[in-house]
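Colleague: These are the residues of each chain, in order.
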Amino acid sequence: MSLVAPFRDAGTARRLLAEIARTVTRPWRIMEVCGGQTHALVRSGIDRLLPTGIEMLHGPGCPVCVTPVETIDRALAIARRREVTFCSFGDMLRVPGTDGDLLGVKARGGDVRMVASPLDALDLAARLPDREVVFFAIGFETTAPATAIAARLTRSRGVRNLSFLVAHVLVPPALHAIVRSAGTRVDAFLAAGHVCSVTGWHRYRDLATRFGVPIVIAGFEPVDLLEAIRRAVVQLEAGRHEAENAYPRAVSEAGNALAQEAIAEVFEPCDREWRGIGTIPASGWRFTAAYRDIDAVTRFPASALPSARLTVCRSGEVLVGALKPDACPAFGRECTPRTPLGATMVSGEGACAAYWHAGRARP
Amino acid sequence: MSGTARHDADASPRIDVGGCPLPHHDREVVTLAHGGGGALTRDLIERVFLPALGNPVLLRREDAGIVEIASEVARGGRLAVSTDCHVVQPLVFPGGSIGELAVHGTVNDLVMVGAAPRFLTAGFVIEEGLPITTLSGLVARMGAAASAAGVAVVAGDTKVVERGRGDGLAIVTTGIGIVPGGIALGAAGVRAGDVVIVSGTLGDHGMAVMSVRESLGFEADIVSDSAPLHELVAALLAACPATRMLRDPTRGGLAATLNEIATAAGVGIEIDEAAVPVRPVVAAACEMLGLDPLTVANEGKVVAVVPAESAADALAALRAHPLGRAAVRLGRIVPDHAGVVALATRVGGRRIVPLPIGADLPRIC
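Going down the list, the protein sequences come from chains A and B. Quick note, the first sequence lines up with residues 1 to 363 if you use my numbering. Quick note, the second sequence lines up with residues 1001 to 1365 if you use my numbering.
It cannot be assumed that every hint is accurate.
Said to hold, decoys possible - No more than 25 Å apart at the CA atoms, straight line, and that leaves these computed lysine to aspartate or glutamate pairs for DMTMM-like:
(1) A:Lys106 x B:Asp1272
(2) A:Lys106 x B:Glu1127
(3) A:Lys106 x B:Glu1128
(4) A:Lys106 x A:Asp295
Honestly, the hints are just simulated from the structure, not real lab data. Model, not experiment: these values are computed from the prediction.
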């Protein structure tokens, strides 16, 4: 705790807020990319302490939220199979597909397990040799290395009863899509610190130049976020657009070489659909040809079903910062964490859930 | 994401439960026949239950236990009755087991209305295949917890359910206590300006159990706070007779308890994030899993609403007891925003603490 205490210090936070207020002369719209950052902002109330004129937009960095209905439907279909033990991270269990969620499959007799890591699925496969174990591999550059390592171990140990339903996505193409979209004007990005700890932040320099917006690599504590906002505002007021690292205790220029190497061996980029955004070129990872036999889509090819579009839920607009959660007509009424219409109300990183848990539902 | 998974090698519970009143063969397990009401049932009662829970009332082995309360009633005492179902996985966790929980859960519910706990009844739903040594150990822990809490188990029942239909063991306990004349705790007494106190750190029980769950196990030195609160609350009520109301923040954690108080009393509550006591290791585990310590379960804490002028006395009394050393003032009762719990964040922001909806799911990264 002593390690993070300085980053939660009230005095430092007040000083940064005052400095931001002194610096800002015009309205700016700053998007925090990661859902963990959204939760930290809303939980600590920082977004409401900022000077008027600075508006925080909540970005697409919630992997559960951006996973398209088609992929969730495929997961549900696989999880319903008698021979399958289906493993998922906890917050995916309640995300609705066309016809229910994974917890519902479990309640009706499906063997659905919550795991904290793909390596747990690997262990489970060894302990349950008669079962087909499937791991639902979701997440950004942060979780992809663990999937890659589990896939390598699956291969090197000759494990035959484990496969992966891969839905990994990448941050930079999503930022590109948001910058290009007509509906949202983003003046600056706070990039997702933990993603950058894997990938390094060097490539964000290019992106800042190409997009013409400042990109500040940000952490997750109140002081981290305020410092990143301060740096973004300083750049904006000076008319600069550069990448800066405001999270140096976790993020290096080059990132984590071992993680990058594991990803490069196992995955190759592919076009991927994002819920609410549509298909983004080269925005996902899929197994390379050498690993395709442990792809759950290869192993259970008949599991694809037609998916229905959920029309009431506007999580697509929330995910690109075009709609604030509490501006959605369904927020806090038809849609609560108990009766979520979309993933953004379910996940621990979803913006709608962040607002709800901070009591921002209308009475 | 860090964390080391732990696994049991097969489905059968093999648990070290410490003390065991009578030796049994290691591989002996509970079977459906133990629930048949015949000789095997009697054997189980005599070998497992009576040695651990026995007392003069239970040992009479009538269809119902008969207890004396005439003198308390004559002094104006009233009966308090509470019932609680206990299920937990794993059955034994750091700092406790289902045996202690079955006692503490019900005893503490009695204590929260100002009752002195006196008697318990216990129903055991046992899953076929549970090793008898495991059952004995758990019942022994329950017996020790009952003695420590000053309650006698005066009636009981066992049923055995088929393998795969019982999750090892479930225990239902009903508690009977005596509320002394003159004590009237309840939401009706809560006033704006009152102070809200909690007796110690939050989230220890929930995170201790989660740390040893098969699917999430992580290495952490977290121990459940499961404990009987009768002495602590007696000390509080002696030092602060004007105490308005008490609640134990079990399932749903402090967030649920404060919302219940705000709703029941029709008042607002303001708490200070910096005052909320959470052990660093618990806070770290919560962060790793994306959980909020305010919504994590406790089994040995009390939230008290006391008049402002006696808050110092109440805190001193709590801190003088081993179970209340970390007691703190959390916040206060306010006249506005009735039914709503507001939290002042460390960095000067403000948010509302809503009633948790259900079990939180650990997040992805």
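Colleague: So, for every hint listed, does it hold in this structure?
Modeller: Cross-check of the supplied hints:
Note on Lys106 of chain A and Asp1272 of chain B: the hinted pairing is violated, with a Cα-Cα distance of about 39 Å set against a maximum of 25 Å. Distance check on the hinted pair: Lys106 of chain A and Glu1127 of chain B sit about 21 Å apart at the alpha-carbon level, within 25 Å; holds. Only pairs whose Cα atoms come within 25 Å are accepted, and Lys106 of chain A paired with Glu1128 of chain B is accepted, the gap being roughly 23 Å. This hinted pair checks out: Lys106 of chain A and Asp295 of chain A have alpha carbons roughly 22 Å apart, not beyond 25 Å.
Checked against the numbered hints given earlier, the structure breaks only hint 1 and satisfies all the rest.
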